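Trainee: With chain A held as given, fit chain B onto it using these hints.
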Amino acid sequence: MSTTAQAHPAEPPRIVTWRDAVTPLSRASRRRWTLCYALLLVALTACVVDDAIGIEHQIGGIPSILVVGPLVVFGMLRRGTRSIAALDHPELDERDIAARDGAYRIAFPLLVLMTLAGLALLAHSLPDIAHSTHLAPPDQHYVQTRHGWFLQSDELLALGAWIAVWGLFLPTGVLAWREPDAIEPETSPAGMPEPLRDALLGLALAAGVAAALIAKVDAAAWAFVAALALLGAVGRRASGQPVMSRQRMWRVGIGILMIVAVVAIGTIVSASG
Amino acid sequence: MLRAERDLSRQQLAAAIGVNPQTIGYLERGDYSPSLELAFRLSEYFDLPIEAIFAREPFPPTSRASITHEETQ
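Top line first, the protein sequences correspond to chains A and B. Mapped onto numbering that gives the first Met the number 0, the consecutive letters of the first sequence carry residue numbers 0 to 272. Mapped onto numbering that gives the first Met the number 0, the consecutive letters of the second sequence carry residue numbers 0 to 72.
Same shape as in the complex, but just chain B:
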């Protein structure tokens, strides 16, 4: 979602944070848990806190997340 929002390809994001494009795919698919160093690099690149990028549980679907966000407001 984040990568799509920024209109980035895997190659572009991978080049920006210094990993292989395959690793970006593995991160997105949940097949790889990044090191703290890589998590911080992603956090700095997206200018977001780490917990907005990674979570121990899968993120809820976007529609549900936006409804919850509206309810809290």
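Chain A on its own, in the form it takes in the complex:
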């Protein structure tokens, strides 16, 4: 097409939020975060599935970074692809629909593969007792050994969650991988370069996951949240907007005071008890 991009004053300035500041717009950035998301899911699975301890004892002990991280990264990818993967999106045009359908065509065989991988992982991680059992047929005086999988609700729940998580992620992940670089807004504020932003956020995420898995420090998730807040503030600053509105500043201040009060009361109660 013989038209070219040109700065045009028609676009009104948008309020930049932390979500805008961390949205991956280039294909390279989206691919980095797609891989990151897949790694987070693998780390989450490694936490849940433990052949020595069993699934049921692990679900309650999932580090919060492995819950917050995938949710945030999925949201980033979703925004980075303009939620094209959402079915019945009212604003999809012919290009978006073609991109979405192509992504689903690739995502479906990948989901089948991941389901098979989940079954293989489950078979490997099941305790020996679940591979065979001794059943006494009714009205019989002998015990019959049967071989196979004897799944309980926890294993079935974990398998269902595995399939659901990949089923939700794969269309967006494939789309994020395939979509070309987003078109820059015609009146775009200069923000932090994407590679630098990704490196900062990725380091905070990796540090949080490492601290949670190796040092068993669950509070490391706050480093990731702080990095998100920092990038949001930098994004607002770069677009010429105040880092935080006065109303928001009051809300954040009250929130911090409440957290400090709860921690202080907890410390006093535990010290006196």
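If you're looking for bench data, these hints aren't it; they were derived computationally from the structure. Please note that a few of the clues may not be correct.
[Said to hold, decoys possible] Residues from chain B shown here face chain A by an in silico Cβ test under 8 Å; the list is partial:
(1) Ala15
(2) Asn19
(3) Gln21
(4) Thr22
(5) Tyr25
(6) Asp30
(7) Ser34
(8) Leu35
(9) Leu37
(10) Phe39
Only a predicted model underlies this, so the values are computations on that prediction, with no experimental measurement involved. Just so it is clear, CB atoms sit at the ideal spot from N, CA and C, and this is done for glycine as well.
Mentor: Coordinates of chain B only, in the frame set by chain A:
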């Protein structure tokens, strides 16, 4: 070029032909080949034949195109 000549933003053109502004950008960048329906809509909007808007090869730079046009005259 056409959009700039008509002093249109991507939003305005997108709204006029019923697509997303991103799609206009992808068309301009050559990342997307439109359907025949969309090509006709653009053709009708600009009041130009389709081959004046789209080509299988990249369009030559404007300066070269104008020189060629003058030579033919």
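Trainee: Any hints from earlier that this structure breaks? Give me their numbers in increasing order, please.
Mentor: 1, 8 and 10
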